[in-house]
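*Asks:* Mind the numbering: the sequence shown is residues 817 to 951 in my numbering, read in order.
What the hints contain is simulated information worked out from the structure, not anything from laboratory work. Some clues are possibly wrong.
[To be verified] Below, simulated EDC-like cross-link-like pairs (lysine to aspartate or glutamate); rule was C-alpha separation at most 20 Å, straight line:
| # | residue 1 | residue 2 |
| --- | --- | --- |
| 1 | K951 | D914 |
| 2 | K855 | E873 |
| 3 | K855 | E876 |
| 4 | K951 | D929 |
| 5 | K855 | E835 |
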Amino acid sequence: MADKHELHEKGLRLTPQRELVLAAVRALGHATPEEVAEKVRQTHPGINLSTVYRNLETLENVGLVQHTHLGHGGATYHAAAELTHLHLVCGTCGSVGDAPIDVAANFVQNLSDDFGFKTDVTHFAIYGTCATCVK
817 MADKHELHEK GLRLTPQREL VLAAVRALGH ATPEEVAEKV RQTHPGINLS
867 TVYRNLETLE NVGLVQHTHL GHGGATYHAA AELTHLHLVC GTCGSVGDAP
917 IDVAANFVQN LSDDFGFKTD VTHFAIYGTC ATCVK
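Let the hints inform the model, and build the full structure from the sequences given.
*Replies:* As structure tokens, then:
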């Protein structure tokens with residue numbers, strides 16, 4: 817479960833739904849709202865999808881979770897503390913891999929220096945072909 821002090825530190829009232837949604841996001845890693853709801857329903861079958869969406873939005877607004885777009889579907893969510901990597905999506909097999917965020921440092925700096933554009937590389941996926949499919 818989520819740390820109760822952590823939710824209070826963010827100015828959130830502790831609710832069972834909020835605690836369950838945050839715990840599910842952390843357990844799943846990359847998860848859609850539907851996957852989060854399915855995980856929560858394993859122990860609390862009464863939770864509905866709109867409750868999960870509301871709580872994801874609240875948790876994102878205070879910086880505990882963040883969403884990323886990994887494909888053409890909806891967003892996936894991660895615990896914000898775990899956003900230390902880039903998302904590498906294979907267009908052939910659909911696998912999602914990770915790369916250290918530092919590999920994009922020059923790219924991010926060039927965008928800032930050349931265009932004055934501040935980039936959040938944790939918010940999007942990089943598409944290509946994974947090493948397995950290249951072979």
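*Asks:* Each hint should be assessed against the structure and marked as holding or not.
*Replies:* Consistency of the hints with the structure:
1. A distance of roughly 19 Å separates the Cα atoms of K951 and D914; the hinted pair therefore holds under the 20 Å criterion.
2. A distance of roughly 17 Å separates the Cα atoms of K855 and E873; the hinted pair therefore holds under the 20 Å criterion.
3. A threshold of 20 Å between alpha carbons decides the hint, and for K855 with E876 the separation of about 19 Å falls inside it, so the pair holds.
4. A threshold of 20 Å between alpha carbons decides the hint, and for K951 with D929 the separation of about 37 Å lies outside it, so the pair is violated.
5. Annotation: proposed proximity of K855 to E835 holds, straight-line Cα distance about 13 Å (limit 20 Å).
Violated hint: 4 only; the structure is consistent with all others.
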